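Spelled out from the first residue to the last, the chains are:
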Amino acid sequence: MTVDPGGTPDGPADTAMAVDLTAAPVAAAADVPPELLAQSLGQYLRAWWRRVRSGDSGVLPVVLGMVVVAIIFEIITPEHAFLRPSNLVYIFGLSTVYMVLAMAETVVLLLGEIDLSVGAVALFGGVVAFKLVQQPGPGWPWWAAMLAALAICGLVGAFTGTLTARLRIPSFVVTLGMFLLFSGILVVVLGGANGAVSASPLVPNQRVFYDLVQGLIPPVVAWVALAVVVGAVGTALWRRAAARRRQGLVAPPASLTAIRIVLVALVGVAVVLICTINRGTPLVAVQGVPWVIPIVLVVLAVLTVLLQRTRFGRYVYAVGGNPEAARRAGVSLAAIRTWAFALCSATAGLGGILLGSFFFGQYSTNTADPGQLVLYCVAAAVIGGVSLFGGRGKPIHGVLGGLLIGAIAYGVSLLSLGQLATPLQYIVPGVVLIVAVLVDVLSRRGSGSGTRA
Amino acid sequence: MTEMNETPEGASSGGDGMEPLLKVRGIDKHFGPVQALYGVNLDLPAGQVTGLCGDNGAGKSVLTRTIAGAHQPDHGQIYFEGRPVHIRSARDAATLGIETVYQDLALADNLDIVQNMFLGRERLRRGLLDEDSMELQAGETLRTLRVTTVRSIRQPVASLSGGQRQAVAVAKAVMWNSKVVLLDEPTAALGVVQTRMVLDLIAQLRDHGLAVMVISHNLNDVFEVADRIAVLYLGRMVAEGPAADFDRQSVVEYMTTGSASGRPFAPAESAGDEG
Amino acid sequence: MPDIPVTADPGETPGGTADAAMAVDLTAAPAAAAADVPPEILAQSLGQYLRAWWRRVRGGDSGVLPVVLAIVVVAISFQVANPAFLSAQNLVNLFEQSSIYMLLAMAEIFALLLGEIDLSVGLVMGLGSVVVAELVQPTGLNWPWWAAIIVTLLACAAWGAFQGSLVARLRMPSFIVTLGGLLILQGVAIIVLKGALVSIGNSRFTNELVLYDIFWGQFEPVVGWILLAVVVGATGTGLWLRDARKRRHGLEAPPRSLTAMKIVLMAVAGSAVVAICNVNRAHFGTIEGVPYIIPIVLAVLAAWTVLLQRIRFGRYVYAIGGNPEAARRAGVSLPNVRTWGFVLAALTAGIAGVLFASWQVSLTTNIIKSANSYVLLAVAAAVIGGTSLFGGRGKTIHGVLGGLVIGAIYNGLYLLGVSSWWIDVVVAGVLLAAVAIDVLSRRGAPRQA
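Residue numbers (the numbering used here), protein chains in the order written: chain A, 1 to 453; chain B, 1001 to 1275; chain C, 2001 to 2449.
I should point out that these hints are in silico values taken from the structure, not numbers from a laboratory.
Mixed in with the good hints there might be a few duds.
If you anchor each label on the Cβ, the simulated ranges turn out as follows [claimed, not checked]:
no., chain 1, residue 1, chain 2, residue 2, range
1, B, ARG1025, A, ARG166, 33 to 43 Å
2, A, GLN308, C, SER2420, 42 to 52 Å
3, C, ALA2282, A, ALA151, 30 to 40 Å
4, B, HIS1208, A, ARG239, 30 to 40 Å
5, C, ALA2326, B, GLN1072, 30 to 40 Å
6, B, ASP1132, A, GLY191, 48 to 58 Å
7, A, ALA151, B, GLN1077, 48 to 58 Å
8, A, VAL298, B, ARG1088, 37 to 47 Å
9, A, VAL298, B, ARG1126, 15 to 25 Å
10, B, ARG1126, A, TRP238, 16 to 26 Å
11, A, ARG239, B, ARG1025, 53 to 63 Å
12, C, LEU2154, A, VAL298, 48 to 58 Å
13, C, ALA2303, A, SER413, 40 to 50 Å
14, B, ARG1143, A, LEU306, 28 to 38 Å
Stretch by stretch, here's where chain B covers chain A in the computed footprint (C-beta under 8 Å, at least three residues) [unchecked claim]:
no., segment
15, 134-147
16, 329-336
This structure is a prediction, so every number in the text was calculated from the model and none was measured.
Don't be surprised by glycine CBs; every beta carbon is placed ideally from N, CA and C.
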């Protein structure tokens, strides 16, 4: 049924070969994801390179960005300390907050909306969770506190979503208002302008929160877990591709699947290796993978399955791509939007808990800056490849973007810039955000979709 | 014409073989003080293509939407397979087997062909989307409709040409046990070659026994593919009958003045041949 | 008094075109009820005008009525809660504080009319205030005050051009560009401040004194009355002559009694303001007279109103906000108009910055950080005043009225001793309510899927 893809996939020059004599497609034919047509690895790579050159570069910018950032910071950091394991692990830890928040934001961005309140809601969720485990005080078990915090955040998100979805108030205004609202509520819950709350590692119930980011998985366990995970994921990918090929469905070439599995394994090995190198002293060994890394992977897996493999996720993409089409197909726009905002806020709540854990179990009005958080996480999502216009993006983009933002944020703080340190903390994210969106807009231009009047 | 009345209408309608699959009688519709349709009658027999013509504002869209369930008629009745029915929503229409393809196609550019075709009616397996069986069925449908020019069924719809998008929209409509398909200006934005493709597709639908109604401004297309023609003028059905009873000039006259050669439409077997 | 020019005024007509699917269908429900035609177009007498206006209000398009009512409600509520609210001293205080909100709202309106948003106006104000203060420092650059102000305004305008270009030429979403811009400006402001503070409080230096006086100084009482007479006289004569000319040429013109009433209302309102300002409001000594900022704000209001309603550029702004594609096909340069819109927004924010510096006297990094919350107030003020978030509808006067409401809320809550966190919560609530009203009032018009 399909025309043999062969060599050249696009352009009027194709007419000699193709049965299709139709006029030029709406978007450049180079927009067809290369793995759809490629029969061999070589074809795939050629098609992919053509697509990159035409503007639709997927995750290439963020990966390149990470390489560039790593090199630049390694050079300019005092003592070239940037790539030291201890710093890298710190970056992993810091990035996980941005990763989770970026993944949360991605859900809403896919709808073509935006949630400016993620930062405030995240912190609110974290503070609520921490407050609930306080003794003397409510003294809830950690899992109850966490569930309660996530549920409350979810309800807040549902409220935001309702205002956006049913009253059709533009999401950036609603969430701007919610941002202000929760910034104020946050201070009230923390107990005033100098309030703080903390989870002490000495109290077993609270230690869990402390350990989320600061606790470590012993190296042996980490290696075993890595092997298991890579094995499981690899096998699943392979079998699925094989099954598709057997049924005659569109499937990538076997070599491509193999390369993907190898890449996943390599990344996993690199991360575990960095984490298991002793970054303490010979006397007091500090080794191991922070718990937060598998936690983030779980969140990534859950969100990816939710968005790519369930009806709800399909409808999120549909509403982001063409709300009218979704509506005509019987999708309840209001329900999808409300649930998406609820999911975003609940996930943000998790991110907020991680933030508290990252700061050694402490929140205070000084360390909790909701404005900066939201800007970083939007920048992370966009720079990772999620489109601001809706309909395009995946949770993995949030992970990659979060890592990059974390690396930049930390790298800047490592430089001894004296007076410039504080202002740069504002300027750099601002510039990064604009550049990230610029790339998104320009790449959209190349593929001809989503241009505005 | 007598031949027309003796031709079996098609296997899908029950009971009386002469009964059109979809029948519309005496439909009135107003919006506030403005009346859009006055006592409109229309027959959509199975296995035939009916071209609905009319100038802007004649009520073609309103009639289509009424049949599709988007509007409720103020008076009149719709008959489906001989039974009177109330079509209160797009869902009701879909349940009966009436599918509509509007002018904007309602395709999500960021989703691929399979995802678009199954939008709103996805198949699940163990709670997750059953991508494989959906892909197989979508491919089957396109093959049945002889849509062969699409390179990969997993292509994002944004990368398709106008004719291909129309084909996907039509395929999406007919995949669901549909019996009646309403097409609003399917060739409006297409070039010559793509129009050809879409007209062939419409013929495919007819050959499969569906009742097809095509709204079109383009009389060339209408005369090419329609078995019956119906003309609306200012909310009234002023002419309806086999395509052979019309020619271009008479259709234009009906569209712009409500009558041809000063006389209202009369079926060819009565006195006066409209030529 | 809100002046509605006789010609179909883009700021007032209900927005929205019928959606595309209905465009060809003449049987679409008649969208605009007859009550939507601005009443003065049809009215031949004052009585007809009032009846038509009332019908329009009941039909949903109430113009500035909601915000005027809001002002009245707020005034009464706060007066009941705290009798000092309506005292001369507090009222002048209120005007003074509101002036910042008014200017920022007027700035924001340029972006909103285009269907965009400018989230950086608060920081443009902040940076502008820091720059103008630093420029007049005797130990630093020691520029004359007028040079400092001009350069500051130019710098703000240049920033607006930068942001505007990103939005207009690259079609980047304005809220992201201005969100990033906000961050960048914050960093730059901290750099300019060199982490410390800058002050213009030293009255021994003329330049600082002039800047200080912009906010804190006032006219002599007599001068206030003279100014009022001049302004009312000039505006009144202008209005009268214009309407007379229209009538002479057989064009649509409001009834004479209406014009007269407008002039009288203006005079009365002006007199009330001058009278209140001339009351001695100092605890010790004498402070009386119309503050300088009132004519400053009025001048900006007048200039921008003329810009938006009476010249081609303004017409294009409304056109783009209403239907960009139609504007483009009519030959309007979308990139140019949009960029200029952002330039004007930033320029107005810069003016607010000069006033802000004058008001705060000492500027620290914390104060700059707090400038962030002003953008929400600016948007809230514009929307409360009657400007639509979706573009194409709104007038400069909305910024003034909305700013007054916001200022009154702040002032009143402060008088009642409410802590600033809760004030923020209240303002957020008011903003959401105002926006909800805006959206719901648009329900009839363009369908948003």
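Inset, instruction - Please name the hints from earlier in the document that this structure breaks, with their numbers sorted from lowest to highest. - result: The structure conflicts with hints 3, 15, although it agrees with all the remaining ones.
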